[in-house]
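Undergrad: Residue numbers (this note's numbering), protein chains in the order written: chain E, 2 to 582; chain R, 571 to 918.
If you're looking for bench data, these hints aren't it; they were derived computationally from the structure.
Glycine included, C-beta positions come from ideal geometry on N, C-alpha and C.
All the pointers check out, no bait thrown in.
To list a few chain E residues with every Cβ distance to chain R over 12 Å, as calculated:
id, residue
1, K150
2, H165
3, T308
4, E328
5, G376
6, Q573
Here are the simulated lysine-lysine pairs, DSBU-like style, with alpha carbons at most 35 Å apart:
id, chain 1, residue 1, chain 2, residue 2
7, E, K58, E, K141
8, E, K134, E, K93
9, E, K421, E, K470
10, R, K773, E, K441
11, E, K141, E, K92
12, E, K441, R, K782
13, E, K441, R, K599
14, R, K773, E, K428
15, R, K599, E, K421
16, R, K773, E, K470
17, E, K265, E, K441
18, R, K773, E, K368
19, E, K58, E, K134
20, E, K58, R, K599
21, E, K470, R, K782
22, E, K421, R, K773
23, E, K428, R, K599
24, R, K782, E, K421
25, E, K264, E, K441
26, R, K782, E, K368
27, R, K782, E, K383
28, E, K383, R, K773
29, E, K441, E, K470
30, E, K368, E, K421
31, E, K428, E, K441
32, R, K782, E, K428
33, E, K150, E, K93
34, E, K321, R, K782
35, E, K150, E, K58
36, E, K321, R, K773
Computed footprint of chain E on chain R; a stretch qualifies when at least three of its residues, placed anywhere within it, have a C-beta under 8 Å from a C-beta of chain E:
id, stretch
37, 766-777
38, 793-803
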Amino acid sequence: MSTDVVTPVVQIDDLSISFATDAGAVKAVAGVTLTVNRGEVLAIVGESGSGKTVTAKSILGLLPETATLGGAVLLSNRAGTATRDIVTLDKKQLRAVRGADVSMVFQEPSTALNPVYTVGWQIAEGLRAHNAKLTRSEAKRQAIDILRKVGIPDPEVRVDYYPHQFSGGQKQRVVIASALVLNPGLIVADEPTTALDVTVQAEILDLLRRLRDEFGTAIVLITHNMGVVADLADRVAVMYQGVVVEEADAATLFSAPQNDYTKKLLDAVPRIGQGRVRTVERAAERERMRVSRASEGHVDAPVVEATDLVIEYPGRLGRKGFRAVDEVSFRIAQGEVLGLVGESGSGKTTIGRAIGGLTRITGGSLKVLDFEMNGFSERRFKPLRADIGFVFQDPAASFNPLLTIADAVAEPLVIHGRAKNPEAARKRVDELLEAVQLPKSYGDRFPHELSGGQRQRASLARGLALEPKLLIADEPTSALDVSVQARVLELFAELQLEFGFAALFISHDLAVVDLLADRIAVLYHGALVEEGTGEEVLEHPQNPYTRRLLASLPVPDPAEQAARRGLLASLQENSRANPAG
Amino acid sequence: MTTELVPTGHVAALPPTKPGFFGRLPVLKQLRQSVGLQRGMLVAGLVITAIFVLVAIFAPLIAPYGFSQLRDDAGAFGAQQPPSAAHIMGTTVGGYDVYSRVLWGAQTAVLVIIMAVVFSIFAGILLGLVSGYLGGWLDRVLVVIGDAIYAFPSLLLAIVLSIVISGGQSSLWGGIMAAALSITVVFIPQYYRVIRAETIRIKAEPYVESAKMLGAGAPRIMFRHVLRNATRTLPIIFTLNSSEALLTLAGLGFLGFGIEPTAAAEWGYDLNKALSDVTSGIWWTALYPGLAIVLAVLGITLVGESLNDLADPRLRGRKRVKQKEGTMSLTSVDKPLPSETEILEENA
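Isolated chain E, as found in the complex:
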């Protein structure tokens, strides 16, 4: 840059945004002032509804028609020669700015790409939009060039591939390539790694870091994941209720947060090793119970016992079926919490559904409460369902929107004949709501009138209504904000202590599992690669995949995260040499 005084890429000044909704005007952003300098990564963190995405989208003028803006968003081009106020631009001027001066990377790469065009065509589309005279071969040459830069192997061939021919991480690379092709000074990345597995996330974060270092591109990173922030950001702005409550460089923010909200947000992030003490206590307690019962002549059968469990989904005619679970053996003792960890497609949800009788098993043996699930019959299994509770991933979707919370929680009681109708079950429902720390009056509300965390608590109440011997929780907190997650996990632990149920806790997040689980099982491509106590698996992982998974998990501490990056790089090197994992 030739000028001495470096203009910032974007300067947001007293930005306020209101939306017209059915319930009247809603303010999303109230007076935000932010600056992004050249070649800098600014992370905007906050929980859902804090206004972070809306703020970032206003930089591209991408807000829906129902929004009204106030204040100014001054965006300058890459050379720093021209500065324009996005708020005042008309549609045509906005089109000229988008892509050339600022572009966007979306959360979900599989929906951000159009499935009926080749990736090369989609990258070239941005080029053509800004230069009508560009020839086809020149556009393709540039597309190949940019694909190479974002690390797609064989770009000359792959440029003609369709999106479905790429993996999730590669798709996100393509999305980044199309954002980068006009070499804008600023990229807005809205949760760019949330939809990706943690090992892939590490690679994408590496790529974004390279953008900053090699291309000098400034990045506005929107995320709720403090680990990602620690890994990538130079400066952090914490948003809460539409205002920036704290802004500091990353190292300072993590080491010495000033604002109360920031402190609580950082405290709520689960870290590996936190649950260790409690786990050891619980294991000792269980052992005492077992010994005392054994002395009375009881031998406790395990709640779940899987031996060489195989689950295959049938393929299309003439094709081989897909083996989702491959000869997995494990057992859950009474009162024990088994954490099942794995990335998407590892078969963890399939195992949970098989235990719940929603998916049929195709081989091996799976005994649930001494009932053999191989050769499953719904009629014979139904009485046992009273002893199995289930908590689903998305609390918003797992409640019938037309039933009140009390009716929904009463469902299991009515179905299994413990109560004649929801009204008769109300007393028990009130007890359950109290047990999950919801006021009784919430029973009369409809699911949409509760917040995410409250809904998940109600979901726990429903799962526990019949005092089950086994609770299956499938990613119960992954749809929740981190502070809410912390409290739901805490509640889960308390209830487990109180009711003493055994649990299968399914999650992709090692730190979350570590908080609750007595033992952890790691799944990889349908096979169980490692199993043991939290200490064994997380402190001394034996399997290379577990090690890679652990190293990929970003920790909310910039200094430690920098050190971990080196470790991860060497592990990835090893896995490339020996991909069998």
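Place chain R on chain E using the hints.
TA: Just chain R now, kept in the frame of chain E:
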């Protein structure tokens, strides 16, 4: 881990907007939501439809003559009389009073609409629900039958049915049943398809899976969890089908398969008889029944289309908001857990 996030600033939660009983009724709810042109369309449609229904109910009181009346105390009306004080819309070629027959015609039209929709809606919903939820061969057979019925022109079906029911010429109820049943046959697949598609979507929703996990049986899941969630779009199809039913009835009458003038007044029949009048400059016999058909269909269609637009948040218009207007909604953080005492207080 034992943290409780307390909102740092003072935050005004959105005031709870609890509409009253009337505000939650299907059409009135949309009326409250609508603004601008969309509201104008909906109101116009509602007004026209209301007039249509009121006329049908009070036709015996409003109409100066009966629908098959040819003479009064002053003698016969006479054929093709131009509008006058005694017959404000003139008389038809058969010597009936046009004004009276237009009013009475509304009654026939409303009866056909109600019967056609009532017959088809129950059968369609039940079939759609069962076929969508259970799937398998039943589903496949029903889909094929539905598609086959779609392939028939509805008017042709209606003609066949009216011949089967009443030999082509008919009494009031014979004619109404013929029209209503033929429309029913065509409409059942429509309701069936919509409900089936919704059922298949809802079947995969976690709340249905959760009911399955709890051990609920298929009938309980279908009627408690799926049915009520699947009926969202019905008011829209209901209104759109009503106007189609009305047009089919008029079409039948126009083709000569309608209701005898001595049995009931029917707009399509009157139009048919007015065909030859138009060329000889007698405009009133065709204009008024035609206008009645257009207005009734327009009113119902306006309601249906507005409901359709308002049901979709992307098509629904909203009032513009001013800068910095509005309250901040409490979305960011789950409310802090109520303390023990708070819960006790609230439960007391």
